[in-house]
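Peer 1: Assemble the complex: chain A is given as a structure, and chain B must be docked to it using the hints.
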Amino acid sequence: MREWWSKARAWMKGRAEIDSELAEEVRSQIEMETEALVERGMSAEAARAAARRRFGNATMVAEQARDAWTFTAFEALLKDVRYGFRAMRRSPAFSLVVILTFALGVGVNTAIFSVVNTVLLKPLPYPASERLAILGEADAKSDFSVTWGNFNYWREGNHSFDDMAAFQLPDRTLTGRGDAVTVREMQVTSAYFGLVGLRPLMGRLLGEDDDRPGAPATIVLSHRFWSGQLGGDPHIVGALLTLDGTPFEVVGVAAPLWTPWRVDCYASLGRALGNPANRTQHGSIRALARLKAGVTMTAARADLDAIMRHLDEVDPGTEKDHHSFATSLADDSVGGVRTSMLVLMGAAGLILLIACANVASLLVARNTARGPELALRNAIGAGQFRLVRQLLTENVVLALAGGAAGIVFAFGALRALIGIAPTSIPRLADTKLDLQVLLFACGITLAAGLLAGLAPVLAARRIDLADMLKEGSRVAGAGKRRQAFRNLLVVGEVAITLVLAFGSGLLLRSLAAAQASDPGFNTERLLSFSLELPKKAYGSEAAVLQFFGALTNDLRGMPGVADASAAHCPPPMGDCGDWFYSVVGRPEPPRDQVPLSLFNWADPGYFRMMGIPIRQGREFRDTDRADGPKIAVINETLAHTWWPNESAIGHQIKFGGPYQDGDVLEIIGVAGDVRQYGRDSTPDPEIFFPTAELSENSLAILVRTTGDPAKLMPAVRARVAALDRNLPLQHFQTMETSLGTGLARRRFSTLLLTLFAGLAMLLAAVGIYGLLNYWVTSREPEIAVRLALGASPARILRWTSFHALRLAAAGTAIGAVGGWFAVSLLREMVFGIPAHSPATLVGAVGAVLALAFLAAAVPSWRAARVDAAVRLHQG
Amino acid sequence: MEFLQGTLEVLILRSLQVGPNHAYGIGQFLEQQSGNEFVVDNGSLYPALQRLLQRKWVVAQWKMSPNGRRARYYRMTPLGRQQLVAEQTKWQRFVEAMSRVLSPEG
Chain A
1 MREWWSKARA WMKGRAEIDS ELAEEVRSQI EMETEALVER GMSAEAARAA ARRRFGNATM
61 VAEQARDAWT FTAFEALLKD VRYGFRAMRR SPAFSLVVIL TFALGVGVNT AIFSVVNTVL
121 LKPLPYPASE RLAILGEADA KSDFSVTWGN FNYWREGNHS FDDMAAFQLP DRTLTGRGDA
181 VTVREMQVTS AYFGLVGLRP LMGRLLGEDD DRPGAPATIV LSHRFWSGQL GGDPHIVGAL
241 LTLDGTPFEV VGVAAPLWTP WRVDCYASLG RALGNPANRT QHGSIRALAR LKAGVTMTAA
301 RADLDAIMRH LDEVDPGTEK DHHSFATSLA DDSVGGVRTS MLVLMGAAGL ILLIACANVA
361 SLLVARNTAR GPELALRNAI GAGQFRLVRQ LLTENVVLAL AGGAAGIVFA FGALRALIGI
421 APTSIPRLAD TKLDLQVLLF ACGITLAAGL LAGLAPVLAA RRIDLADMLK EGSRVAGAGK
481 RRQAFRNLLV VGEVAITLVL AFGSGLLLRS LAAAQASDPG FNTERLLSFS LELPKKAYGS
541 EAAVLQFFGA LTNDLRGMPG VADASAAHCP PPMGDCGDWF YSVVGRPEPP RDQVPLSLFN
601 WADPGYFRMM GIPIRQGREF RDTDRADGPK IAVINETLAH TWWPNESAIG HQIKFGGPYQ
661 DGDVLEIIGV AGDVRQYGRD STPDPEIFFP TAELSENSLA ILVRTTGDPA KLMPAVRARV
721 AALDRNLPLQ HFQTMETSLG TGLARRRFST LLLTLFAGLA MLLAAVGIYG LLNYWVTSRE
781 PEIAVRLALG ASPARILRWT SFHALRLAAA GTAIGAVGGW FAVSLLREMV FGIPAHSPAT
841 LVGAVGAVLA LAFLAAAVPS WRAARVDAAV RLHQG
Chain B
1 MEFLQGTLEV LILRSLQVGP NHAYGIGQFL EQQSGNEFVV DNGSLYPALQ RLLQRKWVVA
61 QWKMSPNGRR ARYYRMTPLG RQQLVAEQTK WQRFVEAMSR VLSPEG
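For the record, the sequence lines run as chains A and B.
Counting from 1, position 686 in the first sequence corresponds to residue 686 in the working numbering; the numbering is continuous, with no gaps.
Counting from 1, position 58 in the second sequence corresponds to residue 58 in the working numbering; the numbering is continuous, with no gaps.
Simulated from the structure, these hints should not be mistaken for laboratory data.
Among the clues, some could well be false.
Capping the alpha-carbon separation at 20 Å, the derived lysine to any residue pairs in SDA-like fashion look like this [unchecked claim]:
#1 A:Lys535 - A:Thr242
#2 B:Lys63 - A:Thr34
#3 B:Lys63 - A:Glu33
#4 B:Lys63 - A:Glu21
#5 B:Lys56 - A:Lys320
#6 B:Lys63 - A:Ile30
#7 B:Lys56 - A:Ile18
#8 B:Lys56 - A:Glu33
#9 A:Lys141 - A:Pro595
#10 A:Lys432 - A:Leu451
#11 B:Lys63 - A:Met32
#12 B:Lys56 - A:Asp67
#13 A:Lys654 - A:Pro644
#14 B:Lys63 - A:Ser20
#15 B:Lys63 - A:Arg27
#16 B:Lys63 - A:Glu24
#17 A:Lys320 - A:Ile307
#18 B:Lys63 - A:Ile18
One chain only, chain A, in its complex shape (with noise of 0.2 Å):
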């Protein structure tokens, strides 16, 4: 150590302080030793003579104690550096061809993993985030709400959380404040702002004592709600805003925090319910907590177990059966995201392979025309270690300007990327090139300079230098291996690039299927949106049908409407609620085998009006009242399920199963099945009821437009406010728009994965038109032997594309075969098409084999205009 930091010293004091001191102590010596021998009786001359003789060599000597201070390895890596840029400088074109080869390797995996490390990796903005659960209830089957009561027992009889908070997020509507507009209320118990970690910008956030039923109506704003809806009112706190009717003391405004859902508002869940009269009512409670250190969650769900337990013995009933479910809050927050982010990285990390072999090749055959320089430098001493050093380091200095123009590619990559994708990907706003990414960026653009550079150095290690330096520039039997082993990288990345056709030839099939679907219903000229008629106005189901039975009717006769009709759950808005059904006279499934059907109400004609066909029995009528028989519809999967071969009508149905409460319903009708949750998804079953039976304050209106939907929008916004204008119109839309953002993350992935095969088709035509060229260059003499032999330029012509077809065919062997493997990744991205699709799979083949032939044309187009006459005469 003492050592290390003498000489740290001395490399900074510089070297001409120690040499000039050296120099002088050997002069010093010299000079005492000749006055010793001129004592002795010697001549001064010959004294000085003897002197020099034995003090040996000086100049050796003085450089040999120089060598004490110096870093040697150091001084050397930095030499063979700027060798490495002289290099550089040398041949321009090449090194630019390597740079931009490994920048666009570096910057597509550094963006991408900027994006996957903000999205997957990085731990949620919370305090102990990764020991954060979502906690809810679960049959066999499924995972659902837990029950108000059921959370407070949890709650104080837990032993493995140090905290834990009930929310749910129900839409509420703000009025007085201009137009009318929908907000997101996040409902919570106050532990909830502990455990995110969350604070007041200004006045409070929601204590204990708001938990408590009876409390005063206050709210807590997000920050984004207020700085954006209200403007940044910096007079807020204090001031009332009107919900549903109500109004709420606003108490503070949040600071900006990152959440899973979008808010606007917070508000007591514990003042909203009330004490828990039972604990078997399932509202959309969820809980959040947080484990104790050490706590695993699957010991935590056996404390809830437990509980559950219990409780089911002191007071039995429909909870029967229900466990706990938890997940961690990170994977609840990214679920949908994580395969494709994972299967977009790996395509990056391909990607970059591709490049490094590219830039292998190249290097291999630069260090072949590098031959005789290389042996000359051997010859004059350089050891092989230090050529292969220095080989090594001018690699990674190119690696290094390919990854700094890299991470500058990197840089707009990310900000077209954020553009473009879809915003529900959670986090992705908040992407940086932050300094973890910059290190990956390093540490791969290394890597990729260590890959690329070291196998042509092995290879050059065994060229036998003397062999070379005697033949000077020609090259025989050592360039035939190294031939080869370029071969081999291309059969590399043609397999590697057909991997990613056949990929994203599965996602763009899939993407095509899914925008061709049918949706079930005919969904041109349609308009929807959804209101909400807060409780306080409309209190009474009657007043609830009143108002939308008045507005179908009025949108039905307004110009350029054919028809409107109402329904509580249209394509594609998904689940907007499951329960529990058996079959009457069907055998009675055990307590956690109940099945699960969506439940929906729908309008007399809704299903003429919406197009979707009547496939036995009859729609709703007007006839079809609340006080009369209990009647449904249900989709063809859910006849399908029960009545595969016979018709379902007349059959009867328990809503809620043979343990829940609920009405025996009769089916009156089958209606074809519709795409619920959007254009790329499979049907569940489904029950309808008629609108009449509405328990809810919430419907969707549909429009069937004469003309271009989207020009009636404002009429139909003005007549749903000359009904009543504290409404706000929710999800107003058309449906073609709705359906189409409904593909955006599809469209976002597959437009990504597409984007990388091409990458990699440019980066594998390039390599094999780099060796193909390469190989004609060094055939030239042959080529010319044959056409003088007679053979003809078109014969020369199929020789030379057979040797790239070959290798390319030899790729696409091995790609097809790693393909058919790792498509099973992707299989849940896939939709449409089988995963192992034959006719994808032989498609990308095509493709990539014209791509070898295109990239092959070039040189084979050279190799058959050699001229004999002039390439012999050169000898």
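Peer 2: Frame of chain A, contents of chain B only:
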């Protein structure tokens, strides 16, 4: 006779025990003391001195020699003295062990 690896440094320290000396003087001292068995090669002596400087076991200073010539004098530091003592003990044991093994029995 060549020096064993790593012994030259100890011998230099030993030579400086009698007082500061320059490189030439150190070489002379070692040759005389060993009964001209050791031949001090400057190619080893100079780097060894540099190493001793780096480890702060000796310090160097330009001074006038008795016959009026400028020479670089090396002086042992307290740290160097500690090192010498430690090395001497080690070598003593090593030499005894060597001769016990090598000398004929009895």
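Peer 1: Please go over all the hints and tell whether each is borne out by the structure.
Peer 2: Quick rundown of the hints versus the structure:
As the CA atoms of Lys535 of chain A and Thr242 of chain A are separated by approximately 13 Å, the hinted pair is consistent with the 20 Å bound. Proximity of Lys63 of chain B to Thr34 of chain A is assessed by CA-CA distance (about 19 Å); at most 20 Å being required, the pair is judged to hold. Restraint check for Lys63 of chain B and Glu33 of chain A: satisfied, since their Cα atoms lie roughly 17 Å apart, inside the 20 Å limit. At most 20 Å may separate the alpha-carbon atoms for a hinted pair to count; Lys63 of chain B and Glu21 of chain A meet this at roughly 13 Å.
Between Lys56 of chain B and Lys320 of chain A the CA atoms are separated by roughly 82 Å; this puts the pair beyond 20 Å, and the hint is violated. For the given pair, Lys63 of chain B sits about 16 Å from Ile30 of chain A by alpha-carbon distance, which is consistent with the 20 Å threshold. Using a Cα cut-off of 20 Å, the hinted pair Lys56 of chain B and Ile18 of chain A holds, with the two alpha carbons roughly 16 Å apart. Our distance criterion of 20 Å between C-alpha atoms is broken by Lys56 of chain B and Glu33 of chain A, whose separation comes to about 28 Å.
Taking the CA atoms of Lys141 of chain A and Pro595 of chain A, the gap is near 8 Å; set against the 20 Å cutoff, the hint holds. The straight-line distance between the Cα atoms of Lys432 of chain A and Leu451 of chain A is roughly 28 Å, outside the 20 Å bound, and the hint therefore fails. The straight-line distance between the Cα atoms of Lys63 of chain B and Met32 of chain A is roughly 14 Å, inside the 20 Å bound, and the hint therefore holds. For the hint linking Lys56 of chain B to Asp67 of chain A, the alpha-carbon distance of about 17 Å falls within 20 Å, and the restraint holds.
The suggested pairing of Lys654 of chain A with Pro644 of chain A holds, with an alpha-carbon distance near 19 Å, which does not exceed 20 Å. For the proposed pair Lys63 of chain B and Ser20 of chain A, the alpha carbon gap of about 16 Å is at most 20 Å, so the pair holds. Proximity of Lys63 of chain B to Arg27 of chain A is assessed by CA-CA distance (about 15 Å); at most 20 Å being required, the pair is judged to hold. The straight-line distance between the Cα atoms of Lys63 of chain B and Glu24 of chain A is roughly 13 Å, inside the 20 Å bound, and the hint therefore holds.
A distance of roughly 12 Å separates the Cα atoms of Lys320 of chain A and Ile307 of chain A; the hinted pair therefore holds under the 20 Å criterion. Distance restraint check for Lys63 of chain B and Ile18 of chain A: the Cα-Cα separation of roughly 17 Å lies within the 20 Å cut-off, and the hinted pair is therefore satisfied.
Hint check: violations occur at hints 5, 8, 10; the rest are consistent with the structure.
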